Amino acid sequence: MSRKAHFPSPLKKRRTTLTLPTESLTEAHRIARRRKVNLSTVIAEALNEGLRLQTAAERGAEVLERYKKAFSGFSDEEISILDGVILEPAVRP
Amino acid sequence: MLNPAAGPFLFDTSAESWLGRAERSEALRWMRGYLLHYEIHISAVTVMERVRGYSLLWRRAEGSKRERIDAARVAYLTNLGRVVPLDGAIAVVAGEIMALVPEPPTPPRRSHQLLESRQERLARWRFDELIAATALVARMPLIHNNASDFEAIRSAIEGAPERFPGLGPLELIRCTSLV
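From first to last, the protein sequence lines stand for chains A and B. What the first sequence shows, in the working numbering, is residues 36 to 128, in sequence order. What the second sequence shows, in the working numbering, is residues 2 to 180, in sequence order.
One should not assume that every hint holds.
As the list claims (entries may be wrong) - Partner residues aside, some chain B positions facing chain A, computed with beta carbon under 7 Å:
no. : residue
1   : S15
2   : L37
3   : S112
4   : E117
5   : E121
6   : R125
What the hints assert, rightly or not - Covered by chain A, per the in silico footprint, the following chain B stretches (three or more residues, Cβ under 8 Å):
no. : region
7   : 25 to 33
8   : 45 to 54
9   : 63 to 76
10  : 79 to 92
Don't read these hints as lab results, they were simulated from the structure. In this text the structure is predicted, and so the values were computed from the model without any measurement. Glycine included, every Cβ here is placed at the ideal spot set by N, Cα and C.
Let's have the full structure, built from the sequences with the hints guiding it.
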């Protein structure tokens, strides 16, 4: 098996300059010291998680909007039918 | 309140529509929280029940109402999250459940002048058994809105653990308890 299969290539990185709130930066420094990693690692992880949550929240809002379209405007009886409960007019004896 | 991050959960057909129609802020908050972590997981049986429902409504409707039903159907189908397919393991477990509880625990539904036929009731019961089997095999708690049916299945499974080796118990969560 090739070496590449054992060691997947690391994520591409790029240097940049950011202006961050002092409080957040102090907290990030504290976490980095405690975990014995560099500041970039902590900021990158926090950014990744923040972006994941943002994407998930946007996707979630779309899901709820489509559910609204899928189920709104139906009567209770029609919703029952959509739920698999098929009601028919009762036949009088 | 159930932690939405504790999922994923399998959503029964009526629980999915109950939560999808939720207007109470607590239910919406729970759904938003759940969707931050997971997709909506449903059984292929739910897709079948739902599409059958849209199709029956479409056949009964005319004109612009048909267009509205079609638009709702398309919105539903483009929104499908994770659909758990029926497979051999689920078929085995569902067969065991069907043998344990062959008859539905409650009579056909009734509403004003409307009635569910015995055949329809039995079919719906079989679908619930397939959904319960899916939850059991996928090891996901089942969020439902039909306590009488699913509690009967849960009790039956608990009473015959030898028929479900390595599986169970069936975890049930009523959707109204989420808020």
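Problem - Hinted contact E121 of chain B with chain A - closest CB pair below 7 Å - result: 5 Å, holds
Problem - chain A covers the region 45 to 54 of chain B, three or more CB atoms within 8 Å, holds or violated - result: holds (count 4)
Problem - Given hint E117 of chain B near chain A, where the shortest CB pair must fall under 7 Å - result: Check passed: Cβ of E117 of chain B comes within 6 Å of chain A, closer than 7 Å.
Problem - Hint status (Cβ of S112 of chain B to nearest Cβ of chain A, threshold 7 Å) - result: Result: holds, 6 Å to nearest chain A Cβ.
Exercise for the section: Examine the region 79 to 92 of chain B: at least three residues should have C-beta closer than 8 Å to a C-beta of chain A. Expected result: holds (count 3)
Exercise for the section: Against chain A, run the beta carbon of L37 of chain B and see if the smallest gap drops under 7 Å. Expected result: 5 Å, holds
Handout entry: Per-residue hint verdict: S15 of chain B, partner chain A, C-beta under 7 Å
Key = This interface hint holds because 4 Å falls under the 7 Å limit.
Problem - Given hint R125 of chain B near chain A, where the shortest CB pair must fall under 7 Å - result: 6 Å, holds
Problem - Residues of the region 25 to 33 of chain B with Cβ under 8 Å from chain A, three needed, outcome - result: Holds: 3 residues of the region 25 to 33 of chain B have a Cβ under 8 Å from chain A.
Exercise for the section: Check whether three or more residues of the region 63 to 76 of chain B sit with their beta carbon closer than 8 Å to a beta carbon of chain A. Expected result: Coverage by chain A holds here, the residue count being 5 at a Cβ distance below 8 Å.
Checked against the numbered hints given earlier, the structure satisfies every one of them.
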